[in-house]
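So the chains spell out like this:
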Amino acid sequence: MIDTMFGALFGLVSSPHIMGLMLIAVIFGLLVGVTPGIGGKLSIAMAIPFVYGMDMVAGAVFLLTMHAVNGTSGQISSIMFGIPGDGDDAATTLDGYPLAKQGQAARALGASITASGIGGIIGAVVFAVMIPILEPIVLQFSPAEFFLIALLGISFIAFLSSGDKIVKGLIVGFWGLMLATVGMDPQTGTPRYAGDMLFLWDGVSLVTAVLALFAVPEMIALGTKGGAISAVPAEDKNFSYRQLLSGVMELPRHWWLVIRTSIIGAVIGMIPGLGGSAAAWLCYGHAVQSSKTPERFGKGAIEGVIAPETASNGKEGGSLLPTLFFGIPGSSGMAVLLGAFLILGIQPGAFMMTDHLDVVWTLIWALIVGNLIAVVILLVVCRWVALLTFVNGKMLVPFILVFVAIGCFVSEFQWQNLVILVLFSAIGYAFLRAGWPRAPFVIGLVLGGQAEASLNQALQLWGLSFFTRPLSLVLIAMIVALMAFALYRNLRPRRGHIHVEG
Amino acid sequence: MNNFSTWLTAVMLLIFSTMVGIAMLYPVDARFMPFVVGIPGIALCLLQLGLDAARANNGLLFRHFQTAPKAGKPVEDGPAELPEFGRHTAKRELKMWAYVVAFIAGVLVLGFYISVPAMLITFLRREAAASWRTTLLLGIGATVVLYLMFGALLQIRLHSGFLTPLILRGVGL
Numbered sequence: 000m001i002d003t004m005f006g007a008l009f010g011l012v013s014s015p016h017i018m019g020l021m022l023i024a025v026i027f028g029l030l031v032g033v034t035p036g037i038g039g040k041l042s043i044a045m046a047i048p049f050v051y052g053m054d055m056v057a058g059a060v061f062l063l064t065m066h067a068v069n070g071t072s073g074q075i076s077s078i079m080f081g082i083p084g085d086g087d088d089a090a091t092t093l094d095g096y097p098l099a100k101q102g103q104a105a106r107a108l109g110a111s112i113t114a115s116g117i118g119g120i121i122g123a124v125v126f127a128v129m130i131p132i133l134e135p136i137v138l139q140f141s142p143a144e145f146f147l148i149a150l151l152g153i154s155f156i157a158f159l160s161s162g163d164k165i166v167k168g169l170i171v172g173f174w175g176l177m178l179a180t181v182g183m184d185p186q187t188g189t190p191r192y193a194g195d196m197l198f199l200w201d202g203v204s205l206v207t208a209v210l211a212l213f214a215v216p217e218m219i220a221l222g223t224k225g226g227a228i229s230a231v232p233a234e235d236k237n238f239s240y241r242q243l244l245s246g247v248m249e250l251p252r253h254w255w256l257v258i259r260t261s262i263i264g265a266v267i268g269m270i271p272g273l274g275g276s277a278a279a280w281l282c283y284g285h286a287v288q289s290s291k292t293p294e295r296f297g298k299g300a301i302e303g304v305i306a307p308e309t310a311s312n313g314k315e316g317g318s319l320l321p322t323l324f325f326g327i328p329g330s331s332g333m334a335v336l337l338g339a340f341l342i343l344g345i346q347p348g349a350f351m352m353t354d355h356l357d358v359v360w361t362l363i364w365a366l367i368v369g370n371l372i373a374v375v376i377l378l379v380v381c382r383w384v385a386l387l388t389f390v391n392g393k394m395l396v397p398f399i400l401v402f403v404a405i406g407c408f409v410s411e412f413q414w415q416n417l418v419i420l421v422l423f424s425a426i427g428y429a430f431l432r433a434g435w436p437r438a439p440f441v442i443g444l445v446l447g448g449q450a451e452a453s454l455n456q457a458l459q460l461w462g463l464s465f466f467t468r469p470l471s472l473v474l475i476a477m478i479v480a481l482m483a484f485a486l487y488r489n490l491r492p493r494r495g496h497i498h499v500e501g
Numbered sequence: 000m001n002n003f004s005t006w007l008t009a010v011m012l013l014i015f016s017t018m019v020g021i022a023m024l025y026p027v028d029a030r031f032m033p034f035v036v037g038i039p040g041i042a043l044c045l046l047q048l049g050l051d052a053a054r055a056n057n058g059l060l061f062r063h064f065q066t067a068p069k070a071g072k073p074v075e076d077g078p079a080e081l082p083e084f085g086r087h088t089a090k091r092e093l094k095m096w097a098y099v100v101a102f103i104a105g106v107l108v109l110g111f112y113i114s115v116p117a118m119l120i121t122f123l124r125r126e127a128a129a130s131w132r133t134t135l136l137l138g139i140g141a142t143v144v145l146y147l148m149f150g151a152l153l154q155i156r157l158h159s160g161f162l163t164p165l166i167l168r169g170v171g172l
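Line by line, the protein sequences are chains R and U. Going by numbering that gives the first Met the number 0, the residue at position 112 of the first sequence is 111; the numbering climbs one at a time, nothing skipped. Going by numbering that gives the first Met the number 0, the residue at position 149 of the second sequence is 148; the numbering climbs one at a time, nothing skipped.
Hints were generated in silico from the structure; no laboratory data involved. One or more of the hints may lead you astray.
[Claimed, not checked] A few chain U residues that face chain R, going by a derived Cβ cut-off under 8 Å, partial list only: (1) Ile21; (2) Val36; (3) Ile139.
Since we're looking at a predicted model, the values are computed, not measured. Glycine included, C-beta positions come from ideal geometry on N, C-alpha and C.
This is chain U alone, in the form it adopts within the complex (with noise of 0.2 Å):
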């Protein structure tokens, strides 16, 4: 059995049942439209969790089989490749996702222009191992053309982040 995907469908499951149950607050118009999607959508997650748990008692009979004295020595298949994603790729999958978190924090406290560079610079030289000179450059160049583009030319104003106003109020700029 998979587990992770029938992980996944439990928590499918509650989400589903956490927005019905909500649902049922709103006016009988309004509550309409998320039972007719969101019951089915309970009954899906369901039907998934009883298929994974059928497949389950069978890969355990087949298991069973295999390892019966009747079956004999069981067979060398030689070294099984490894999946694609699994626990020899999640110490390398959370530290993605630290990064992706710490860069969506760190603009929204700090906003684009600090943290553009900053998660750039740390990234490049760490996880991409590139030369210094390479990461600098790349990451100042690409933080200049983000103003450029951004700044100066679209006249967009990107998020400044909670805290460097602050800071840069309070060192009178």
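Okay, chain R solo, but in the shape it has when bound (with noise of 0.2 Å):
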């Protein structure tokens, strides 16, 4: 394992070209992640039409970089102005913008982009140390196993749906995996629902299904809501690189909070559905909790600051795990993410820890330089970056929607695709209008083509008592644990509020 673990190093940063796509996928995350009404979720679906056709590990790494990055600039508008550029951004707030209030932006922000860097890389490391542990666990997976996996997976998309709107979230996961069956029936060769368009014989595009549902929606709203934050300050006049340092050195002097607060991160990734929100307030929480000045914070404690930006930039380290080993997302993100990876022929599962080692240890490096290279580069633009904030939605909008109809007829060449585009962005539209989760519409269809071939494989296998098998048994008890969790969770009185992603 040491020889793979260095081996991907070694042809990570010996690879111009890997490396050459990770500053781009930096650059462009770190952009994407300042600039208003872009998420990362739209990102990483516009971005994934350019890198069809690449080398896979090319590919990936180019990919989860831009996701792994992106939380990294977007503390920026919480610190200097107050506004957070998301959920996760929120616990930032509290005690960063006071700081800057009190003329100390930039230390805030040295403190707050370090704090992100470490964190991603703790969250790596955390991955990688769960590897051996989860190793002889996943290798004793069979195709019942998978397929109970599968369903694992699909029962998360309970999870990834929050309060009243549990039933909403199964609904968009059950078209999801009903659109899988579209295609060639791999047992009678039926074309299901496809008829005589021989386009729709490989099944519905996954690129087509992952624009329509994200990109297009977000931008429709992006062009109707504008997305300008233009009634605030746009330059802090007291910003020194001197005081940026300071920041960056507050890092040594809290290491343990560091430490522990990218741990929690890590851990709270690795479960799916509870997104960063959950662990940056988690660790918000915490860093009061263990503080001996309690009272300091909301009133520009660095502690404050600091916690939360290792947390949720920790747990994409923590998320990458059920994603690549058991083909769950960890998140929202991840979600769209595991499509991607689908597309450019990584098959989550235990194969990847069997046959695709060394890609899974280029993908931990890929984290850690890429926060490295994010990290060096916010620091020194940090100050002009922030700036982004001020673009309006709207200019962006024409140019988003360029990228979407190239992505979506470039991943199969086929025009009708620009049609389906159209009329799944409808529905995806209509879900955001409406308030429904759409990560689990992801989760449903790429889950549903293995669980059937896994289904059909096991059945052929062993009849119907693979059911009785002893991992199996333990797989149905999650299942039945984790429904039974959600429903009880859905159905209890409410006394706070962690955000779910969805």
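Grab the two chains, each in its own frame, and use the hints to assemble them into the complex.
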């Protein structure tokens, strides 16, 4: 394993092609992270078509790096202007913005950017440590367990939906499963729902479906709402690089908090459905509780900036674990990334450990190297990157539309996919407008085919008795427990709230 | 009751029912999975419609209680905040959809290299209120970059449209 581990690092850093792609991914990810209205999911969905046909490793490294550094720049507007880019950054605003108002924006930025980078790196290390622990379990899996793992993934749909949206989330997930049945039936060769339309015989294009469900609805919402933040001052006059460096030096001073919150973030990331917001708020609370002077929090405590940032980026490494080894995305962003991995030819599951461990290590190193590059770049340019917050969202809409249309066409070179794009986009936008979760769709579409294939294999091998295999029983118990917990969570009286991604 | 959400549930019910109905025409093995997925899908849609109806009834009861004589004057909470989407955004949403549909139709009929600059220039000028200089610079610049990246560098043939090749042949190009 040591050979594979360092071989992957050498392969990554010695390839100018991959390093160049990573640099582009970091720059693109940072810009997208700070631009209002363009979230991580939209940026991955838009980038998928451009990695189509790319080498599997290069494409996966590109997308993962972009996804990993997305949140690193999102905190800038939280600190400088008190405007969180998304739920993950809201906790950072509590102490980051008061620091900016005290003329210490650069110190807060230095601490938060470095904390985010280190959190991402520790998250990747936690993932790496988990590999030898999981290996013996994953290697015992047969088609029966793969089918049940797929079912387990689908039952996580319940987790991706919160509150009164649980049924809606399941409907969306089942619709994804339903669309996974479109195309040639593997058993009989019957073209299901395809008729004479040859372009549907291989199934619904995953790129088209992801773009339609995520990119087009977000783009229309951005065009409808605008997206520029214009009512806040454009620049902080007190910004200095000396202050920025003093912020960076806060990390060694609070090293134990950094390690604790990064590990908590990574562990939360491994639990599908609990997003970065849960990690950020939980670790903010932990920082307050463990502080000797909790009264400073909310007034500009630097620990209140460090804790949520390490946690929200630390979760990326953790959420990659269920995504790669079980095909169960740890978050909605990972759901889109999972779809992208499949398009690149990376089939999540036990094979990742047996046949593609080098790819796994390359992805872990990509998380580490990508975060390092992002921290260095962002520390230098954060002052100017912040100005992107003022870009009018409407200026971006037509370019996103062009990206989406080209991506949809280039993915399979079928003009019919453009028609499918419009039709599915209508449903995707209806989901967004009605506030229905959309991530379960990708899980359903991705896992549907895998579930059907594994079920057929398991039935041929053992008949219905495959349900009584010891590992199958464990997985069945997990599915039942998961569904029961989801029901309990939704039926019990609510005291606080933890944001659940969808 | 969120009417839009309820309508969406009804549409999903229709989609699931149609797909299950079509699956009945397939051989037993081929229709197994569509049934396994579609029938629970139908059940979930019906459950959601039931939940919506129950919530609507509760809401109606609550309103009756609020407006009953003993309840006194309704509480004044100040001006209500507008929801993210609603009647007030419908016109803008339709306009955005018109751009999407027109652009895709344009790509299908005229191809990427004609539809892209046309859409960029129209949108940037009319919706983003960009100056003519910025609009033309971005519109034409983006199309040139598109050609250089896909046509020249990657050698990818983007869809040229159904009509454009005929017109080009007609004029002898």
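Hints, verified against the model:
A cut of 8 Å between beta carbons decides the hint on U/Ile21: the least distance to chain R is about 6 Å, and the hint holds. Restraint check, U/Val36 versus chain R: the minimum CB separation of about 4 Å is within 8 Å; hint holds. Using the Cβ-Cβ criterion of 8 Å, the hint placing U/Ile139 at the interface with chain R is not satisfied: the shortest such distance is roughly 13 Å.
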